[in-house]
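Trainee: Residues 1 to 108 in our numbering are what the sequence shown lists, from first letter to last.
In short, the hints are calculated from the structure, not lab data.
Think of the CB as a built atom: it goes at the ideal place given N, C-alpha and C, for glycine as much as any other residue.
Keep in mind that the hints are not guaranteed to be accurate.
As the list claims (entries may be wrong) - DEER-style ranges, computed between Cβ atoms:
hint: 1; residue 1: Val50; residue 2: Glu83; range: 17 to 25 Å
hint: 2; residue 1: Ala72; residue 2: Asp36; range: 29 to 37 Å
hint: 3; residue 1: Lys64; residue 2: Phe18; range: 31 to 39 Å
hint: 4; residue 1: Ser108; residue 2: Val50; range: 31 to 39 Å
hint: 5; residue 1: Ala72; residue 2: Arg16; range: 33 to 41 Å
hint: 6; residue 1: Ala73; residue 2: Arg16; range: 32 to 40 Å
hint: 7; residue 1: His82; residue 2: Ala49; range: 29 to 37 Å
hint: 8; residue 1: Arg16; residue 2: Val50; range: 21 to 29 Å
hint: 9; residue 1: Ser61; residue 2: Thr28; range: 15 to 23 Å
hint: 10; residue 1: Thr28; residue 2: Ser108; range: 31 to 39 Å
hint: 11; residue 1: Arg16; residue 2: Gly74; range: 28 to 36 Å
As the list claims (entries may be wrong) - Dumping the calculated DMTMM-like pairs for lysine to aspartate or glutamate here, alpha-carbon to alpha-carbon at most 25 Å:
hint: 12; residue 1: Lys76; residue 2: Asp24
hint: 13; residue 1: Lys76; residue 2: Asp19
hint: 14; residue 1: Lys64; residue 2: Asp36
hint: 15; residue 1: Lys64; residue 2: Asp24
hint: 16; residue 1: Lys64; residue 2: Glu78
hint: 17; residue 1: Lys76; residue 2: Glu29
hint: 18; residue 1: Lys64; residue 2: Glu77
hint: 19; residue 1: Lys64; residue 2: Glu29
hint: 20; residue 1: Lys64; residue 2: Glu83
hint: 21; residue 1: Lys64; residue 2: Asp19
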Amino acid sequence: MLVEEVNVRMHRAGRRGFDTGIVDIPTTESAIVSGDVYVSSIFISNPSAVAVTVTLKDGGSVPKTFYSATLAAGGKEEIHFHEPARFRGGIRAVASVSGAVMIVIGYS
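Please model the complete structure; the sequences and the hints are all you need to start from.
Mentor: Pasting the structure below:
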């Protein structure tokens, strides 16, 4: 299974919440979040004047794509998980052109 849903109540206790803040999505695939994480929300924004394709993968030994979309100039995307989703090995991201940014919110 690509993304494993977990019970929020079980994983909030004793876990550290995190918010990456606004980070640039690189044009070469790189880790945005390292280590196993439980993600509640991902926000993606393309403030540039051109369309950008963004691809997000888990950070496993054989990364699997869980999101890929083209955002128009000025476009935004919000990904919410009803229960935090577990991403083994973190999250890797790549954008077709520079300028797109994202925020990842969850627990580690």
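Trainee: If a hint holds in the structure, say so; if it does not, say that too.
Mentor: Quick rundown of the hints versus the structure:
{"no.": "1", "hint": "Val50 to Glu83: 17 to 25 Å", "result": "violated, 35 Å"}
{"no.": "2", "hint": "Ala72 to Asp36: 29 to 37 Å", "result": "holds, 33 Å"}
{"no.": "3", "hint": "Lys64 to Phe18: 31 to 39 Å", "result": "violated, 22 Å"}
{"no.": "4", "hint": "Ser108 to Val50: 31 to 39 Å", "result": "holds, 34 Å"}
{"no.": "5", "hint": "Ala72 to Arg16: 33 to 41 Å", "result": "holds, 35 Å"}
{"no.": "6", "hint": "Ala73 to Arg16: 32 to 40 Å", "result": "holds, 36 Å"}
{"no.": "7", "hint": "His82 to Ala49: 29 to 37 Å", "result": "holds, 35 Å"}
{"no.": "8", "hint": "Arg16 to Val50: 21 to 29 Å", "result": "violated, 37 Å"}
{"no.": "9", "hint": "Ser61 to Thr28: 15 to 23 Å", "result": "holds, 19 Å"}
{"no.": "10", "hint": "Thr28 to Ser108: 31 to 39 Å", "result": "violated, 24 Å"}
{"no.": "11", "hint": "Arg16 to Gly74: 28 to 36 Å", "result": "holds, 34 Å"}
{"no.": "12", "hint": "Lys76 to Asp24", "result": "holds, 14 Å"}
{"no.": "13", "hint": "Lys76 to Asp19", "result": "holds, 18 Å"}
{"no.": "14", "hint": "Lys64 to Asp36", "result": "holds, 14 Å"}
{"no.": "15", "hint": "Lys64 to Asp24", "result": "holds, 21 Å"}
{"no.": "16", "hint": "Lys64 to Glu78", "result": "holds, 20 Å"}
{"no.": "17", "hint": "Lys76 to Glu29", "result": "holds, 20 Å"}
{"no.": "18", "hint": "Lys64 to Glu77", "result": "holds, 20 Å"}
{"no.": "19", "hint": "Lys64 to Glu29", "result": "holds, 13 Å"}
{"no.": "20", "hint": "Lys64 to Glu83", "result": "holds, 20 Å"}
{"no.": "21", "hint": "Lys64 to Asp19", "result": "holds, 23 Å"}
When the structure is compared with the earlier hints, violations turn up for hints 1, 3, 8 and 10 and for no others.
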